[in-house]
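**Student:** Here is what each chain is made of, one letter per residue.
Number of protein chains: 2
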Amino acid sequence: MVPTLEGSPDALFPDFPKGPLHAYRARASFSWKELSLFLEGEDTLRFKKTVFSALESDPLFARSHGTHLSLEKYRELNFLRCRRIFEYEFLSVEDMFRSPLKMLAFTHCLGMYDWSLAAKYFLHTMAFGSAIYNSGSERHFEYIQKVFSMEIFGCFALTEVSHGSNTKAIRTTAHYDPATEEFIIHSPDFEAAKFWVGNMGKTATHAVVFAQLYLPGGQCHGLHSFVVQIRDPKTLLPMPGVMVGDMGKKLGQNGLDNGFAMFHQVRIPRQNLLNRAGDVTPDGTYLSPFQDARQRFGASLGSLSVGRVSIMCMAVANLQLAVSIALRFSATRRQFGPTQEEEIPVLEYQLQQWRLLPYLAAAYALHYFSKSLFLDLAELQRGLLGGDRSARQAEFGHEIHALASAGKPLASWTAQQGIQECREACGGHGYLAMNRLGVLRDDNDPNCTYEGDNNVLLQQTSNYLLGLLARRDQGGARLQSPLKTVDFLEAYPDILGQRFTGSSFADCLDSAVPLAAYKWLVCYLLRESYQKLNQEKRSGSNDFEARNNCQVYYCRSLALAFMELTVVQRFHEYTHQPGVPPSLRPVLGRLSALYALWSLSRHTAVLYQGGYFSGPQAGKVVESAILTLCSQLKDDAVALVDVIAPPDFVLDSPIGRADGELYKNLWGAVLQESSVLERGSWWAEFSHNKPVLGSLKPKL
Amino acid sequence: MVPTLEGSPDALFPDFPKGPLHAYRARASFSWKELSLFLEGEDTLRFKKTVFSALESDPLFARSHGTHLSLEKYRELNFLRCRRIFEYEFLSVEDMFRSPLKMLAFTHCLGMYDWSLAAKYFLHTMAFGSAIYNSGSERHFEYIQKVFSMEIFGCFALTEVSHGSNTKAIRTTAHYDPATEEFIIHSPDFEAAKFWVGNMGKTATHAVVFAQLYLPGGQCHGLHSFVVQIRDPKTLLPMPGVMVGDMGKKLGQNGLDNGFAMFHQVRIPRQNLLNRAGDVTPDGTYLSPFQDARQRFGASLGSLSVGRVSIMCMAVANLQLAVSIALRFSATRRQFGPTQEEEIPVLEYQLQQWRLLPYLAAAYALHYFSKSLFLDLAELQRGLLGGDRSARQAEFGHEIHALASAGKPLASWTAQQGIQECREACGGHGYLAMNRLGVLRDDNDPNCTYEGDNNVLLQQTSNYLLGLLARRDQGGARLQSPLKTVDFLEAYPDILGQRFTGSSFADCLDSAVPLAAYKWLVCYLLRESYQKLNQEKRSGSNDFEARNNCQVYYCRSLALAFMELTVVQRFHEYTHQPGVPPSLRPVLGRLSALYALWSLSRHTAVLYQGGYFSGPQAGKVVESAILTLCSQLKDDAVALVDVIAPPDFVLDSPIGRADGELYKNLWGAVLQESSVLERGSWWAEFSHNKPVLGSLKPKL
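For the record, the sequence lines run as chains H and U. Read in the UniProt record's numbering, the first sequence has 278 at position 278, and its numbers run on one by one without any break. Read in the UniProt record's numbering, the second sequence has 456 at position 456, and its numbers run on one by one without any break.
In case anyone wonders, no lab produced these hints; they're calculated from the structure. Accuracy of the hints is not assured; some may be wrong.
Identical copies look the same in the list; a pair holds intra-copy or inter-copy alike.
[To be verified] As a list, the in silico EDC-like pairs of lysine to aspartate or glutamate whose alpha-carbon atoms are at most 16 Å apart:
id, residue 1, residue 2
1, 18, 343
2, 697, 95
3, 102, 42
4, 234, 685
5, 146, 94
6, 18, 659
7, 664, 191
If we strip away everything but chain H, and leave its shape as in the complex, we get (with noise of 0.2 Å):
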């Protein structure tokens, strides 16, 4: 299919050794060249190809089998491995502002090496960078260039000890002193210390630190944004006034170091305000270029959304590696057969099949929408930039922010799901460290909470379509939003209306039917959510009260809900447009039909209680099309893995290699751990100290 690629030397597709995985690889219903190029296109392939193969020729960036690193040495590696990254450039400072595909598939890259480098790049470039970027003005851009020389360390510290996703409650100040003409950053207390701040530990000479601004006249203005210089560039050591550590070890990213930092009455110049929303003059008078605040809210959304939608990029990532393993491992371990000789692959096994095919499914669909919605918000960024305010821009921010807000809440649950799953189903081998999948977990489980709570999160995204119903009721406005994602619920009564038609299973092995049924799902759980928060509010509650009362079963599962629906949705199309190849049509089809099934049968309860499923077979009719689809799939799956695994060297799981020799690369790792035959440096505290058997006994 795609010959102009292969034979170069710098061929993008190299051929796989013929080994344990050939026979499924033969039995696959389409190339995975093909389908590669069809979804990365030829550019982006290059692109991954170039940053894989200097990370892999790069002893820095060795993989450290068998030595396992203390904190320290893994965040001087970390750093190390970081400032390397500068010198490759891989990309221009111009393409990571302005090419979301490249920045994405660069993101990519890092993170699937290991997403400490990533963080601590991108907290330094991007959430530092483009926080001074987006918040102040000409006056900081000083800061940016020293960013990407490295002159200066970044890092953005919003959070507390005892205050995370109720940001208006930080408690941080930032006094300003007309005398001096500076602001006064201080920290109240412990409770106050900004905590969990990414590269704050022991790299940042440079901190965005959110504090309430106060005025002479002793006036709040709400939380700002400030540059804060918190350590010497020259020493390292702490400024005056700052008191600045290292979080200690987390439970994964332990690269990266998070650190917490007190600020004791640190005196910073005015210009250091990051001014872009609200600015104070040299007297002390306030001005902002917004009329109310609820403007200024709304413009603040659009960076807030580029943090989570980076993070479902992050969790779709690790959900490729995770599967990518499993999969591989599925096809080349053998255990139990029809007879006593025989042992098949366990990934013949209908249980296997539905325990990790439907994650396959869930990576293809969640990789295409985070994509999607990445270039969504590429182009309000740039309305944003340009000055854009329209009522359809401040639309689309909104809408945008419902679906980074529950986006990332899918992918990264997701993720955490599919990597435990993917565990599990590896048995005994996935809980090797070595195979990776551990510290996948563990990298993917902060995505279920920074950048907002998931849980918390999500009422975002119900509130906007509660809110979209809200002014329907009272205004008679049509429900719908920039990107259409909302359109279809202008028609709730009638599709409310509608009932299951599937009468066998074959009829369901198309994505149409679980779309018809998940529009049902939304604008039920949307009416039953609207309906019980208004009951709420009729029996006395007040409206922090009625809306903690609807979340479960109601406000989250409608969240939920409509966040699968937007995926398959945008997938079905994806795989159903014109330009699909035909030979790539039947196993895209598959994949969109499987991954919207099964997402919707977790939502079979409801479809019942609701009506849209009645009898006996609408049930057995979405599990028979499930099973069905694993099956189909189960021969396409090392060739879909193919597409979506990196190199061995960035997979780094002996168990998921290409060449598929399980047990030999295995072995060959285990040997090569660190006095992995040696006995124990302790061995005569067996062999010379012997107890005495009850010579400490307590009286009990």
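Assemble the complex: chain H is given as a structure, and chain U must be docked to it using the hints.
**Tutor:** This is chain U only, laid out in the frame that chain H set:
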């Protein structure tokens, strides 16, 4: 309530300091001291207190705040602690083998402190010791003496690199040589290397090795176990012909040295065959006390169950620790509130209650169940050792086997999911290693895999139930079992005719309602699975295929539902028995109802599909009852945690301490981390070696 236990210097129940948790404690509906006594009894409470106090007073057991142990150091420390346990002799050897409740309490104590320690100690004493005691004969009992004087150190070697679940396919061989009266133990290749063996990595001198027994004629007599010396106790160097090593880092339990071994024609005396189930005479004749293989297999089921029931208890202890941490955190962490000024504890939110309280109820229900099953198992073991070969004893063995085979999956998965929920419910602070939720997750994880993969094990239970039904179908045998867990199935045609009758949530506030629903559910899934299996067979599948194709949605669900029913049933009976003090009835009743309804609610789809539920109300009634029970239990949650949480030293989580001083404890612990305020040793790499942007830029 229990005045005699207070006030004395060794008071069982020291009062908690008045602090941030006091408000919830004051609102509890019951006395936590009374509930502790009711559940555990004074003897067990005193025993646990003795063990915990001894560990807390001994510097060898000091928590390693801020010191991150290397693998080597952790293994050394764990060995030294294990040796010290012998010096304490908290339990006599006699008690360990004869007093199941004490053994259970002891396992909890060591495990709650550190599972690596518990595993090291019990693999040596119980897995190795019991294997010899149960499978060997008097000639082997000298090994047991040497276990308890620590002259030797033991391990249990069954699993190989390429085979775990399929034990029949184990490939290590033991050829008998009558010329020297020796067995020759041999690993044909590295895929047959023993793998994952706990204690083998660095410590064990002797292993119980499972191998295929071959006699001179060449006939294979199947899997047998042998005592093989693998290291010299004087030097801890390997014995000739034994290649033994350490597997390296695992996801958790890294104090335990899991290892591998390959045997190169290693000769051991004939007497080292553990010969209870089969022996070889000096001239090479095979002798067995069992008439047939099935009987021999039946006799071995009991010892398989010991491991699985013990794992249930381990998982429950992990869940207890996790919910203790998360609920104390939730009662003291404040975030948002009805007004800007007042923030409320996150435990007050419906969503947080619904995320955590069902796991608290599960911890209670599963704890009771695992304890009761442990006692049943002890009765079974007494029968076995007493030589009971009655039909009832055989049936008893099968029933315990079925319960242990589904109980381990249920408990380990509930703990896995519960710990993850607790981690997320504590937000970022849950992601900090010192707060211990990560360790609990990692240490609990292998409970899903070892002693039989959860999904594979569930098939044992569904096979048991399907077998009973087939026997009834074919021969008219009554559906019944010694523990009566299956007796209700005798009425299954009647039960299948029942329908859900609850019309308001108030009807569901007692566990009798979900209990009835569960009985219907199990009958339904049994009938469906049976029909599906027969249909598969009729359509030409062989037995192997037919069973494989019935797992998803059928047999797997059946086994889990049956297990949940059994847990619900026992906890219902326990909490409704006349002996429950009136003051404890309400809270125990709520725990029982919440666990039952919450578990049941995961099957709502099937309840609708099969017609037990119909109309929108059925599902809503259950949801409403769950939320009502959560809100009724939230003021009891802290006191319920006080009952199950070990002392702070053992719980070892700054955010979970009994004083509730969340932030002070956290801040104090952070400052104890090593080098927390120091700059990194590699600071000059930042200050003096600046990258040249793009100096290594690759050609794209």
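**Student:** If a hint holds in the structure, say so; if it doesn't, say that too.
**Tutor:** Evaluation of the provided hints:
no., hint, in the structure
1, 18 - 343, "neither (21 Å within a copy, 63 Å between copies)"
2, 697 - 95, "between (70 Å within a copy, 14 Å between copies)"
3, 102 - 42, "within (12 Å within a copy, 66 Å between copies)"
4, 234 - 685, "between (48 Å within a copy, 11 Å between copies)"
5, 146 - 94, "within (15 Å within a copy, 71 Å between copies)"
6, 18 - 659, "within (7 Å within a copy, 62 Å between copies)"
7, 664 - 191, "between (52 Å within a copy, 9 Å between copies)"
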